[in-house]
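Peer 1: Using this note's numbering, read the sequence shown as starting at 39 and increasing by one per residue.
Please keep in mind that the hints were generated in silico from the structure rather than gathered at the bench. Here the structure is a predicted model, which means the values were calculated and not measured. Just so it is clear, CB atoms sit at the ideal spot from N, CA and C, and this is done for glycine as well. Wrong hints could be hidden among the right ones.
[As the list claims (entries may be wrong)] With a straight-line cut-off of 20 Å between C-alpha atoms, the simulated EDC-like cross-links for lysine to aspartate or glutamate are:
#, residue 1, residue 2
1, K258, E291
2, K171, E205
3, K234, E325
4, K338, D45
5, K164, E208
6, K243, D224
7, K263, E64
8, K319, D224
9, K243, D295
10, K317, D106
11, K44, E120
12, K338, E64
13, K180, E208
14, K94, E256
15, K271, E298
16, K190, E205
17, K313, E221
18, K263, D86
19, K243, E292
20, K338, E72
21, K258, D86
22, K306, D193
23, K306, E175
24, K271, E291
25, K132, D224
26, K335, E325
[Unchecked claim] Listed next, with one range per pair, are the computed distances between beta-carbon atoms:
#, residue 1, residue 2, range
27, T191, E292, 23 to 31 Å
28, K258, A219, 35 to 43 Å
29, K167, K258, 35 to 43 Å
30, N286, D106, 24 to 32 Å
31, G252, V159, 36 to 44 Å
32, G252, K287, 16 to 24 Å
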Amino acid sequence: MAPKQKDRIIAVVGPTASGKSALAVEIARLVNGEIISADSRQVYTGLDIGTGKVTKREMLGVPHHMLDVINPKRTMSVVQYERLATREIEDILKRGITPIICGGTGQYVDAVLTTASFPEVPPNAKLRKKLEKLSAEKLFKKLQKMDPARAKTIDAKNPRRLIRAIEIAEVLGSVPSREPATERYDTLYIGLALPKEELSERIHKRLVARMRQGILAEAKRLHEKGLSWKRMKALGLEYRFLAQFLQNKISKEELLDLLEIAIRQYSKRQIVWFKRNEKIKWFEPSESKKVLSVVVKFLK
Numbered sequence: 039m040a041p042k043q044k045d046r047i048i049a050v051v052g053p054t055a056s057g058k059s060a061l062a063v064e065i066a067r068l069v070n071g072e073i074i075s076a077d078s079r080q081v082y083t084g085l086d087i088g089t090g091k092v093t094k095r096e097m098l099g100v101p102h103h104m105l106d107v108i109n110p111k112r113t114m115s116v117v118q119y120e121r122l123a124t125r126e127i128e129d130i131l132k133r134g135i136t137p138i139i140c141g142g143t144g145q146y147v148d149a150v151l152t153t154a155s156f157p158e159v160p161p162n163a164k165l166r167k168k169l170e171k172l173s174a175e176k177l178f179k180k181l182q183k184m185d186p187a188r189a190k191t192i193d194a195k196n197p198r199r200l201i202r203a204i205e206i207a208e209v210l211g212s213v214p215s216r217e218p219a220t221e222r223y224d225t226l227y228i229g230l231a232l233p234k235e236e237l238s239e240r241i242h243k244r245l246v247a248r249m250r251q252g253i254l255a256e257a258k259r260l261h262e263k264g265l266s267w268k269r270m271k272a273l274g275l276e277y278r279f280l281a282q283f284l285q286n287k288i289s290k291e292e293l294l295d296l297l298e299i300a301i302r303q304y305s306k307r308q309i310v311w312f313k314r315n316e317k318i319k320w321f322e323p324s325e326s327k328k329v330l331s332v333v334v335k336f337l338k
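The task is simple: from the sequences and hints, build the whole structure.
Peer 2: The following block contains the structure:
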């Protein structure tokens, strides 16, 4: 008896500002697909401009899932995301439609598309209280000793994520090397990559555009609705620096400089994560016609 054929799925991945969302919409319109976002901050309501969340207009009628699913006062773990996203994927497949995973959060992509396991370690209030007294720099050095592999892909300036990573490493003792993950689906991985200088230019232009679109007003509104400065800082990147600016801790010039550097560093970590996956077929953003041709061939 022949083994059961795996369901086919398309994944569009790559660093921030590479054009993933637009390409995913283009693919979805071609194959009558639906998109599942794999972004660790776009799951939160109200984090729109800062996360570059696709707008209704940009969706061009294509259904999108895993956007605006939780209040930013709460947190979503990789395990929670995997459960919710898998439910969406199974529903899409049952309707005979092609699911398209789109995002730059590597852990989310791996959690949904492979058997990679992410430990469900409960929060340790006592340990957290102790770790919260340490600077991000000290937390990062601690994590480097405990889990060098995780340290390579984590945001070294995000205390919340550093503390969580240390918390997991503490429970597991020494972090075990994972068993090779197997693919849950027959997945076509499309990766978007572009020269370093071009990506940096895109990041700069997008940041300027977001300032014009009202990213400062968005952050102010979130705080007025009860999102604490501490939580905003924990959300990382844009919101960390916007919180500092709104508290008059940094100037507008410093805000832009620090944020641009942080986003570039984040894009490097994303590239490191995705380059580990040898199944990814890499294209430049200008090669959308070539991508569509590969997609059609895959789905035949």
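Peer 1: Are the Cα positions of K258 and E291 separated by 20 Å at most?
Peer 2: 18 Å, holds
Peer 1: Given the hint that K271 pairs with E291, test it: the Cα-Cα distance must not exceed 20 Å.
Peer 2: 19 Å, holds
Peer 1: Can the restraint linking K243 and D295 be considered satisfied, given a maximum Cα separation of 20 Å?
Peer 2: Given pair K243, D295 holds - Cα atoms ~13 Å apart, limit 20 Å.
Peer 1: Given the hinted pair K94 and E256, is their alpha-carbon gap at most 20 Å?
Peer 2: OK: K94 and E256 at ~18 Å, within 20 Å.
Peer 1: Has the given pair, K317 with D106, been kept, meaning a C-alpha gap of at most 20 Å?
Peer 2: 30 Å, violated
Peer 1: Given the hinted pair K171 and E205, is their Cα-Cα distance within 20 Å?
Peer 2: 15 Å, holds
Peer 1: For K338 and D45, compute the direct alpha-carbon distance and say whether it is at most 20 Å.
Peer 2: Judged against 20 Å, a Cα distance of about 13 Å means the pair holds.
Peer 1: Given the hint that K338 pairs with E72, does the C-alpha gap stay at or below 20 Å?
Peer 2: Distance of about 18 Å is within 20 Å: holds.
Peer 1: Keeping to a limit of 20 Å between CA atoms, is the pair of K335 and E325 held or broken?
Peer 2: Distance ~16 Å between K335 and E325 Cα, so the pair holds.
Peer 1: Assuming the hint says 35 to 43 Å, is it satisfied by the Cβ distance from K258 to A219 or not?
Peer 2: At 42 Å between Cβs, range holds.
Peer 1: Does E325 sit within 20 Å of K234, going by the straight-line distance between their CA atoms?
Peer 2: Holds: K234 and E325 sit about 17 Å apart, inside 20 Å.
Peer 1: For the pair we were handed, K319 and D224, check the Cα-Cα distance against 20 Å.
Peer 2: Distance ~14 Å between K319 and D224 Cα, so the pair holds.
Hint violations for this structure: numbers 6, 7, 10 and 29, all remaining hints satisfied.
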